[in-house]
Amino acid sequence: MGEYFRLAVDALRTNRLRSILTIAGIFVAVTTIIIILTCIESLNNYVETEFSEIGSSTIYINKFPWVITDNFFEYRNRPAIKLREYEALKEDNTYTRFVSPLAVYERQISYKNEVVDGVSIIGVNRHYAEIGGISADHGRWFTEHEVDSRRYVCVLGASVVEALFRNADPLGKRIKIDGFPYRVIGVLEKRGTSFGFDQDRQIIVPYTAMRNFAYSWRGIQVAMLPERPEDAEAMKEEARGILRTVRKVRPGDKDNFAINQQDMLLDFYKQATGGLYLVLLVIAGVSLVVGGIGIMNIMLVSVTERTKEIGIRKAVGATRKSILRQILSETLLISSIGGILGMIAGVLVGWLILNWAFSLSAQVTPSIVLVGYGFSALVGLVSGMYPAYRAANLHPIEALRYE
Amino acid sequence: MSSRSLITIQRLHKVYFLGATKVHALRGLNLEIKRNEYVAIMGPSGSGKSTLMNIIGCLDVPTDGNYWLNDQDVSSLNDDELAHIRNKEIGFVFQTFNLLPRATALHNVELPLVYNGTTAKDRKVHAASALEIVGLADRMDHRPNELSGGQRQRVAIARALVNKPSIILADEPTGNLDSKTGVEIMEIFADLHGQGNTIILVTHERDIALHAQRIIHIKDGFVEKIETVS
Chain C
1 MGEYFRLAVD ALRTNRLRSI LTIAGIFVAV TTIIIILTCI ESLNNYVETE
51 FSEIGSSTIY INKFPWVITD NFFEYRNRPA IKLREYEALK EDNTYTRFVS
101 PLAVYERQIS YKNEVVDGVS IIGVNRHYAE IGGISADHGR WFTEHEVDSR
151 RYVCVLGASV VEALFRNADP LGKRIKIDGF PYRVIGVLEK RGTSFGFDQD
201 RQIIVPYTAM RNFAYSWRGI QVAMLPERPE DAEAMKEEAR GILRTVRKVR
251 PGDKDNFAIN QQDMLLDFYK QATGGLYLVL LVIAGVSLVV GGIGIMNIML
301 VSVTERTKEI GIRKAVGATR KSILRQILSE TLLISSIGGI LGMIAGVLVG
351 WLILNWAFSL SAQVTPSIVL VGYGFSALVG LVSGMYPAYR AANLHPIEAL
401 RYE
Chain V
404 MSSRSLITIQ RLHKVYFLGA TKVHALRGLN LEIKRNEYVA IMGPSGSGKS
454 TLMNIIGCLD VPTDGNYWLN DQDVSSLNDD ELAHIRNKEI GFVFQTFNLL
504 PRATALHNVE LPLVYNGTTA KDRKVHAASA LEIVGLADRM DHRPNELSGG
554 QRQRVAIARA LVNKPSIILA DEPTGNLDSK TGVEIMEIFA DLHGQGNTII
604 LVTHERDIAL HAQRIIHIKD GFVEKIETVS
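Chains C and V are the protein sequences, given in the same order.
All letters in the first sequence, in the order written, are residues 1 to 403 by my numbering.
All letters in the second sequence, in the order written, are residues 404 to 633 by my numbering.
Certain hints may be false.
[Claimed, not checked] EDC-like mimics (lysine to aspartate or glutamate), calculated; alpha carbons at most 20 Å apart, straight line: (1) 321/C / 482/V; (2) 308/C / 467/V; (3) 321/C / 483/V; (4) 425/V / 10/C; (5) 527/V / 398/C; (6) 527/V / 10/C; (7) 321/C / 463/V; (8) 308/C / 581/V; (9) 308/C / 463/V; (10) 524/V / 3/C.
[Claimed, not checked] Here are a few chain V residues that sit away from chain C, every Cβ distance over 12 Å (derived from the structure): (11) 475; (12) 601; (13) 617; (14) 618; (15) 631.
Think of the hints as simulated: they come from the structure by calculation, not from any bench.
Beta carbons are placed, not taken as given, at the ideal position from N, Cα and C, and that holds for glycine.
With the hints as extra help, turn the sequences into a complete structure.
Okay, here's the thing in structure tokens:
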């Protein structure tokens, strides 16, 4: 095998420019494929990680489904989710471990002279800490008693603390939300951004301390965590039953509320992007085929040019197989060089794109690299097949006579 | 050593087509060549001597008839089997040398060894000693375009020798050389014959053919006559 490799290197050196151009064809194709694969893999990974924060077995009861693919107006006239529906869900469930209302409003907040607009004020009960997987890492979360007795207390997100207090300790201070004073009892653990949203730009308060937000008619959401992950389906069915009863939905009529879950988002993401990714890969695949045609073209020329050489080799005992190997080694070498350089370039460019455009870290898995190299090697072999076959089948006498 | 001939050819026919024209190049030719003979094959162009040489050299197969080389019937072998026979039994020397232009002398001589699985190290040793036999020990790293015609033909002879073949088959080996160099090359063949090699020389020059022990005259696809050189 070493002999064939040496021969292939010699052949590529002899026609340097031609080899470089042929390699470039494969290089560009593999670079494109690796960039696309790296971006897809990294984006998928990112989206899955972000969605997993929602919790796979947590359900959210909303007026609207998270993903609307049909007519939005069908949903618009539904009644909003009300507090009494939360209370019914809380009373009558058997599979649910925790249930919390979830009311989100954007309001202006202030502390002394510092004013910040557009902060998410989230009203929940004590159990939302477990449902949402959040906790106070400075100070404390609010108690059941504080919820029941409508205490104006709040837990701040890290960005809010920074905006209002700089480096001072906010605990015990009174901030104003929409003009009403709330006492700071805790600071949330930092969570960073998700899909470009600052998740630390929020304030969590007992939902009972939000009466003046008029949520009673604007509606809320309800978040529910099952006793065990495998109870999620049963909990969903039970919640549906409870809500239909409370809302007096007649048998046979459609639900007039939505039960949302993380996998809906994932499914939607996959549905929305899967086709696009496929198209991208097909386009990249086409460029690889073009590269392969380039190799085949050059090898056919090269075989013709080397007819005499092949004749000499055959005269001194080269079999069909050894000629086949010689030509295939050459195409394999061309495609491998293009493939390896393409992988390196693809990973680098993919990394730059992800870093600059999406601020994501690139995921380079061994499977991407193997797929990239595998395809280029395959193209090398396939495109070398016909020229190699032609060379191997040359008749030695005619080949020797060729000038 | 077997008493049978190295080459036994019986009723050899070769028919091929040049476009639509049917050419009957060999018409039932018989021939025997013994081990360590020095034989010249002569004939005018169109006599079938090139066709005969191609068949003896296992570059081609007969349409009909038999060809035993070293007690093996090689008239019906397939391409790859013929390639092995060429590699093992035949050393070619061509009029136009047929060296690989980009390879050094040493590399050209190594070529037959590449195809019988000799290791790279052994290849170098064998090729170097073959070049020494033809007096080119000091030109091993030269490429063909850095060598004179005579030197190129010596490289070709070294290549023909390197596998220790049963036959050295030389097709007009002096045809592209001046007469002085031609004489030198013929001396090499005489030496090789003296060392026990079987040499078959294809030529149309009587002066060259006279170096052999026997001259086989071919005409119209038959052996016209066999002349013994005194």
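Status of each hint after checking the structure:
no., hint, verdict
1, 321/C / 482/V, "11 Å, holds"
2, 308/C / 467/V, "28 Å, violated"
3, 321/C / 483/V, "8 Å, holds"
4, 425/V / 10/C, "42 Å, violated"
5, 527/V / 398/C, "30 Å, violated"
6, 527/V / 10/C, "18 Å, holds"
7, 321/C / 463/V, "18 Å, holds"
8, 308/C / 581/V, "25 Å, violated"
9, 308/C / 463/V, "17 Å, holds"
10, 524/V / 3/C, "12 Å, holds"
11, 475, "16 Å, holds"
12, 601, "18 Å, holds"
13, 617, "25 Å, holds"
14, 618, "24 Å, holds"
15, 631, "31 Å, holds"
Consistency note: the structure conflicts with the earlier hints numbered 2, 4, 5, 8.
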